[in-house]
Structures are given as structure tokens and as C-alpha cells.
Amino acid sequence: MLATLLIVFREVIEAGLIVGIVMAATKGVRHRGLWVSYGIVAGVLGACFVAAFAGEIASLFQGSGQEIFDASILLLAVVMLTWHNVWMAGHGRQMAREMKEVGQAVSAGERSLVALAVVVGVAVLREGSEVVLFLYGIASQGGTTQAAMLTGGALGLLAGAAVSALMYFGLLAIPAGKLFSVTSWLITLLAAGMAAQAVLFIQQGGYLEYLTGTVWDTSWLLQQDSIVGRLLHTLVGYNDTPNGAQLIVYAATVAVIVALTRWERVRHPRASAIPKPA
Amino acid sequence: MKIATRIFAVALVTAFASPALADGPIPVTLKDHKFTPAIIHVKANAPSIISLTNQDATAEEFDSTALKVEKVVAGNSQGNVRLRPLSPGKYPFMGEYHSETAQGVVIAE
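Protein chains in written order, with my numbering: chain F, 1 to 278; chain R, 279 to 387.
With the rest of the complex left out, here is chain F:
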């Protein structure tokens, strides 16, 4: 039961932190709960699908199907996060104005909700497929483990959801004027971390085996598989032994998002009321 609890807890946290950031980033936007729910439901369905066809997916690309699949959906999430941040840079002013005119709910951010729903879906799909495979493995052993498995899974889900909720309310405690700026930065670093993780998957698939040497080792300071290390890995892509290609892609992703955001702000000069990463 404890093993089930820990695995479910870990995976739920990893997806839940991303949901928490998305919820905080869309505070006050109309229908955001609906779109985030769509993302979660699609992610759960996708996770079952991926788990059911794990063998078939793995055998694609000369046995590197899983790596290419993981890298592809991560890069999809990176593109969606980038688009959201850039879109917000151009429309933040409009949103702020609508918030004043019609109270809390605004419709301006609704378009970028689609992008964030995709991000939520991808996060749930990645972590969820691992949970499904794990639970299926335990369930197929049969016997008395099933009740314990259900209990452990339910407790893990609750605990993971509680930590994610804590993260969300923690973000909401930030003054409204600074919340957009903070969530924009969080999304930028989230995207960079995902891009760096995608590089690792591409390398594991045998495609980008260049600059694979470890550049530095900070495991003496913070182990990546500790709880804090895992949280930071999910949030900002913390890696205790990054390789050269990962560092380059991480830095380049941050640079591209910041550059596009600035460019968009220049195109919409009056939109700069809401601070963006810069």
C-alpha cells in the first residue's frame, strides 16, 4: 500500500503543480475551471490509451518510440506555454481593463486557455500513464493486494491534490499586481525545464547524442530524487547533473520566450501595464 501511495502521490504532485500554476496564471479569466477540467479529463483518457498501447508505442522509431513520444508531447507543451506568455504580453492591458469594467471574470484570456488546457492535458497524460501502468501491474498480481492498492492510490491522490492546492493558494497570496509577473516567470521556467527534459528523451532515443557529458554535479547540495529536488525539477527543471545540450536548450528557451514577449509588448505598446518577464 505504501508503495502505491508514494508513486501515486509523486505523479499527482508533478501534474498538480503544473495545474496549480495554470490556475494561478488564469486567475479571473472566465471559464478557466472548465478548460482546466477538459485538460485533466483528456489527460486521464490519454494516459489510459498510452498505457494500453505502451508496447506498440515503444516499438516505433526502431525501439525509441517512447522517448520520441515523450519528447514530442513535452515540446508541444513548451510551444503552448510560450504562446500563452506571448499572447498575455499583448493582451494583458485589455484583460486588466475588462477586470475593472465587469468585475472579476474576464473573457479576454479565454483564447489562451485552450493552450493551457493542452499543457494540463500533457502533464496529466505523462504522469498518469505511469500510474496506470503501475496500478495495472499490481492489479494483475491479484489477491489481497487490490484493496490495499485502492486505499494507497486514493490516499496518494488526496495527498498530491492537497500539496498542489497549497501551491495554488500560495501563489494567490501574491498581490494581484505582481501575480501576472510571477506566473509569467514560472511559466517561462516551466517551459525551459520541459524543453531540457525533452532533450534528454531525444538523447535516450539515440538521436541527439551530442554534448551529453555532465557539465556540473550539484547532487551534494540537492539530490534530484529528494522531495525538494523533485518539486524543483517539475517547477523549474532542476537537474543535479545537467549535460551541455540540456543547458543550451534551457537557456535558449528562456531567451526565445523573453525575446518574443518583449517583441509582442512593443507591437502592443499600451499593453505594458502588466509586467512580463524581462
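Quick caveat, the hints were computed from the structure, so don't treat them as lab data.
Just so it is clear, the structure is predicted and the values come from calculations on it, not from any experiment.
Check the hints yourself; a few may be wrong.
Stated by the list, open to error - Now the in silico label distances, taken between C-beta atoms and shown as ranges:
1) R:GLY302 / F:HIS31: 51 to 57 Å
2) F:ALA147 / R:PRO315: 32 to 38 Å
3) F:LEU231 / R:LYS321: 30 to 36 Å
4) F:LEU221 / R:THR314: 34 to 40 Å
5) R:PRO315 / F:LEU60: 24 to 30 Å
6) R:LYS321 / F:LEU221: 36 to 42 Å
7) F:ALA161 / R:PRO303: 26 to 32 Å
8) F:GLY244 / R:GLY302: 48 to 54 Å
9) F:TRP263 / R:ALA316: 49 to 55 Å
What the hints assert, rightly or not - In silico DMTMM-like links for lysine to aspartate or glutamate, alpha-carbon gap of 20 Å or less:
10) R:LYS309 / R:GLU348
11) R:LYS368 / R:GLU348
12) R:LYS368 / F:ASP217
13) F:LYS27 / F:GLU110
14) R:LYS312 / R:GLU378
15) R:LYS368 / F:ASP225
Don't be surprised by glycine CBs; every beta carbon is placed ideally from N, CA and C.
Since the structure of chain F is already known, use the hints to place chain R on it.
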């Protein structure tokens, strides 16, 4: 979009610069949720490949934060786990779905 394009451009340029393997793939078998061999010796500072055959009916995830690998191998199938060039040392790994029994270590020397 730009990021994806950039990554694939870099991939294209560097695809021909892949470092050569030290040896052929190292065969490892998973049966009854145990790895055989559980201690795997690889050459330090050279990439290597573990060819993992999963003889159990259920999927397993070869998981190691030390090796930076997460690789799902479905039941009754085979998968390659690519290891980056490792500095000398011990790198523990586990089968995440049965971590009580599925434990092992890669030793780079």
C-alpha cells in the same frame, strides 16, 4: 514552434557527430521483478546501451535519477536503455513499479 524547429535543426547538424559505443549492447533480463545481472559493469566516460528483456507479463519502468533514465519496457518485450558517458562510480537503478525486488546498480570503471 521556433523551439522545436531549433532543436531539430541542431539534431540534424549533430546527428553525424555521435560518439562511438565502447561495446555492443549489454543484455539484462527482468524476470519475477528481478534484474539479472543486477550489477552491470560499463566503461567509464563512454556511452553504453543496456538491452533489457522483460520476461514478466507486466510493464516495468527502468528508472534511475543517477543515470537520468526513465524507460518503460512493456511485458514480454525488449527495450534499449541508452546510458550517457559516465564518470567512474556507482549508479543505482530500479524497476519503479516493483522497487522492493527490482533493484540494480551500474558500475562505471
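Here is what the structure says about each hint:
Separation of GLY302 (chain R) from HIS31 (chain F) is about 56 Å and conforms to the stated range, judged on CB atoms against 51 to 57 Å. In this structure, ALA147 (chain F) and PRO315 (chain R) meet the distance hint of 32 to 38 Å, their C-beta atoms being roughly 36 Å apart. The hinted window of 30 to 36 Å between LEU231 (chain F) and LYS321 (chain R) holds, with their beta carbons roughly 35 Å apart. Checked against the hint of 34 to 40 Å, the C-beta distance between LEU221 (chain F) and THR314 (chain R) comes to roughly 35 Å, which is consistent with it.
In this structure the supplied range 24 to 30 Å holds for PRO315 (chain R) paired with LEU60 (chain F), their Cβ-Cβ distance being about 29 Å. Checking the proposed 36 to 42 Å range against LYS321 (chain R) and LEU221 (chain F) shows it is violated: the Cβ atoms sit about 28 Å from each other. Range check, ALA161 (chain F) to PRO303 (chain R): about 41 Å between beta-carbon atoms, so the 26 to 32 Å window is missed. Range check, GLY244 (chain F) to GLY302 (chain R): about 26 Å between beta-carbon atoms, so the 48 to 54 Å window is missed.
Between TRP263 (chain F) and ALA316 (chain R) the beta carbons are some 54 Å apart, a value that agrees with the proposed interval 49 to 55 Å. For the hint linking LYS309 (chain R) to GLU348 (chain R), the alpha-carbon distance of about 19 Å falls within 20 Å, and the restraint holds. With a CA separation close to 18 Å, the supplied pair LYS368 (chain R) and GLU348 (chain R) stays within the 20 Å bound. Annotation: proposed proximity of LYS368 (chain R) to ASP217 (chain F) holds, straight-line Cα distance about 15 Å (limit 20 Å).
Among the hinted pairs, LYS27 (chain F) with GLU110 (chain F) is consistent with the structure: their alpha-carbon atoms are about 11 Å apart, no more than 20 Å. Proximity of LYS312 (chain R) to GLU378 (chain R) is assessed by CA-CA distance (about 9 Å); at most 20 Å being required, the pair is judged to hold. For the proposed pair LYS368 (chain R) and ASP225 (chain F), the alpha carbon gap of about 16 Å is at most 20 Å, so the pair holds.
Checked against the numbered hints listed earlier, the structure breaks hints 6, 7, 8; every other hint is satisfied.
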